[in-house]
Amino acid sequence: MPGPSALIDMQEVTKVYQMGETKVLALDGVSLSIEEGEYVAIVGTSGSGKSTLMNIVGLLDRPTDGVYRIRGHSAGDLTGRQLADLRNREIGFVFQQFNLLARAPAWRQVELPLFYAGIARSASRRRALETLAQVGLAERADHKPEELSGGQQQRVAIARALVNRPSLLLADEPTGALDTRTGEEVMALFEKLHAEGLTLIIITHDQEVADRARRVITMRDGAIISDLRGAAATTASGGTNGLREPALAPLPRPAVIEQIEEKVYEAG
Amino acid sequence: MKLVRYFPVAFDSIASNKMRASLTMLGIIIGVAAVLTILGIGRGASESILGEVASQGTTRLTISPVTETDGEGAGSPVQTLTMGDVKALADPAFHPDVVEVVPQYAGNLQLVAGSNNSQVRVTGTTAAYADVLRLEMAEGRFLTEDEITQMSNVIVIGTTVASDLFERTQVVGESVRIDGEPYTVVGVLEESGNAGFGSNDESGFIPIGAAHGRVFNVPRYRGEYVVTSISADALSEERVEAAELQIEQTLRLRHGLNAEDDNDFSISTQASLLETIDTVTGTLTLLLSSIAAISLVVGGIGIMNIMLVSVTERTKEIGLRKALGAHTSDVLLQFLIESLVLTLLGGLIGIAISYGAALLVSRIPNFSFDLLIGVDAVLMAVGVSAGCGLVFGLYPAMRATQLDPIEALRYE
Ligand SMILES: Nc1ncnc2c1ncn2[C@@H]1O[C@H](COP(=O)(O)OP(=O)(O)O)[C@@H](O)[C@H]1O
Ligand SMILES: [Mg+2]
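As given, the protein sequences belong to chains A and B, one line each in that order. Throughout, our numbering is defined as the position within the first sequence, counted from one, plus 8. Throughout, our numbering is defined as the position within the second sequence, counted from one, plus 137.
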């Protein structure tokens, strides 16, 4: 049984969407525990509730019922400020539909989380540019979303999720819009960061992506129908779990963030 | 709280939505410029009228008969104000605060010169009239004491009369006929410029004796010729009320009025005229203010529309910012500064436009008044527009910050 020390702990979480008269049961009593440092893939048919689950894990949405704990803190008991600080410093979220600001250049988009972390603009611009370089977009820093391809927009969104060095990365179909080669590069970057301690949760349709995870959770109709780890996960999804050489250099984690984190946890 | 931090964010946001920003500003510009220009016209016109009245002297008193209330002559003036009253009022022993007393008998007459004729308001008066009424001469001079005592056949006319009769205004020495009798023109009055108020352009002035004895068929009261009004000058502005009391006392006595009788004359002063004009211009200002208020509302609705049109986009933006770790206060401060920058910029442009209009108006020759833009009007116009910008900019933002980030991101 998962203990309260787990990074993520869900007990009987349900999510109901009210659509006028009809109710949609998007999550139907999900219980789930993820430890720090895990590498989890979530698979399942479209409409099975993967994104809904991810939004709750990322503190973007609230369960209708049940308890969600992050590092032992019940999300329902956290204040707006604590939730905001956790989203800012602990969690990197890659949205299924990019969610970029319509008219801002790439580096501004990537800089946003740094602004809300209270980092001075000169430093944050440099960090934003470095992170863009790590997803292969150094040349595109001044481009607006309308001047970028879908794959490039997705990489801007990934850089934005990584720029604050989160300890938990949530990615909803991160490679869906990428070609094979850049998809590979992004996965290699994720895995490199995972090797350094980043907890990775990825929703995917791509069997190859799922094959690389240490744990595969399968969903259907708002419920978890299988949760397989290690060799079993590899066997179940029928692939090999080959680790690759990291393609990109590690990013240093700034001390200022750790200090603020301490404050957040003291407050929480 | 380091507010300065939010300025670059707010400026980025404005710069990346130039269309929305300029439309919002346009609403404020229209509101502010319209209000300031309209109120400026109102205030300018009021000041101009009041200035005109004040320039004609603030020490003058005008005594006129009241109108008959019953009998066959009802509605026409009581015929009790006479030359006897004028002589009595001229006695400084009983009227220490009255310096000049000028009788007037006025009526409409036809003046003829050659084959031209003109209907003119002719006033019989004395030499002091020009001083008391602050008349300026364009040609020649006003009536003299000698001409008054000798009841000479002389006349002073206004510029319109001169041009009607002679097709020019240098007509001193020319002769005009009243009832076939010739009168020599000794002076032409300065043109008043503004038609209507206090203008003498269509008037003529002759010695009071000529008016009483020859030109008009003037009735007598207790053996003295009746006058249509008496003008008097008080010693100073402060002594106007005292002069008024002294005049009232004498006239009541002379007209044999008992304690319970009402005055059969009325005394109006420039001060009371100014008061009347004040109420009139007050009404004018109120009217213009309502128009100004309407322009402000129109501007406000414009601002509101732009803000509401962009609510969806802005709600999504707020959802994203919150998802990336923005506190509610971060979002509200950014929006507050954005709205403030837009409204202040728009307000300044609006003020500049209305001052430009004022400058333009003051350059128009012969335009009788300037646009006066008061600080209170500026504060009100900018305050209301900025209020609109803040309310309509912040209200949707405040609602969006209440949503969970994912709800805001999905907002349609
Ligand atoms: N905002 C919403 N309002 C109503 N129903 C929703 C909403 N979001 C998702 N759903 C419904 O909830 C279910 C789960 O959706 P989702 O979590 O997006 O699935 P997945 O990501 O696995 O495709 C689907 O039936 C979907 O139609
Ligand atoms: Mg989905």
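Treat the hints as calculated values from the structure; they're not laboratory data. One should not assume that every hint holds.
Derived Cβ-Cβ restraints for the label pairs, each shown as a range [what the hints assert, rightly or not]: (1) Arg536/B <-> Val75/A: 51 to 59 Å; (2) His151/A <-> Ile428/B: 19 to 27 Å; (3) Glu154/A <-> Ser185/B: 55 to 63 Å; (4) Tyr532/B <-> Glu154/A: 48 to 56 Å.
Residues from chain A shown here face chain B by an in silico Cβ test under 8 Å; the list is partial [what the hints assert, rightly or not]: (5) Thr30; (6) Lys31; (7) Arg97; (8) Gln104; (9) Ala112; (10) Leu120; (11) Tyr124.
A virtual CB, placed ideally from N, CA and C, is assigned to each residue, including glycine.
Results of checking the hints against the structure:
1. At roughly 29 Å, the beta carbons of Arg536/B and Val75/A sit outside the given window of 51 to 59 Å.
2. His151/A and Ile428/B have their C-beta atoms about 50 Å apart, which leaves the hinted 19 to 27 Å range violated.
3. For the pair Glu154/A and Ser185/B, the supplied restraint of 55 to 63 Å holds, since their beta-carbon distance comes to about 57 Å.
4. Judged by the Cβ atoms, the range 48 to 56 Å given for Tyr532/B and Glu154/A is violated: they are separated by roughly 30 Å.
5. At about 18 Å, the closest approach between the beta carbon of Thr30/A and any beta carbon in chain B exceeds 8 Å, and the interface hint on this residue is violated.
6. For Lys31/A, the suggested interface contact is broken, since its CB lies about 17 Å from the closest CB of chain B, more than 8 Å.
7. The beta carbon of Arg97/A comes within 7 Å of a beta carbon in chain B, closer than 8 Å, and the hint placing it at the interface holds.
8. Hint status for Gln104/A: violated, given a least beta-carbon distance of 11 Å to chain B, over 8 Å.
9. Interface restraint check for Ala112/A: the shortest CB-CB distance to chain B comes to about 6 Å, inside 8 Å, so the restraint holds.
10. Interface hint status for Leu120/A: upheld, as the beta-carbon distance to the closest one in chain B is roughly 5 Å, under 8 Å.
11. With a cut of 8 Å, the hint placing Tyr124/A at the interface with chain B holds, because the nearest CB-to-CB distance is about 4 Å.
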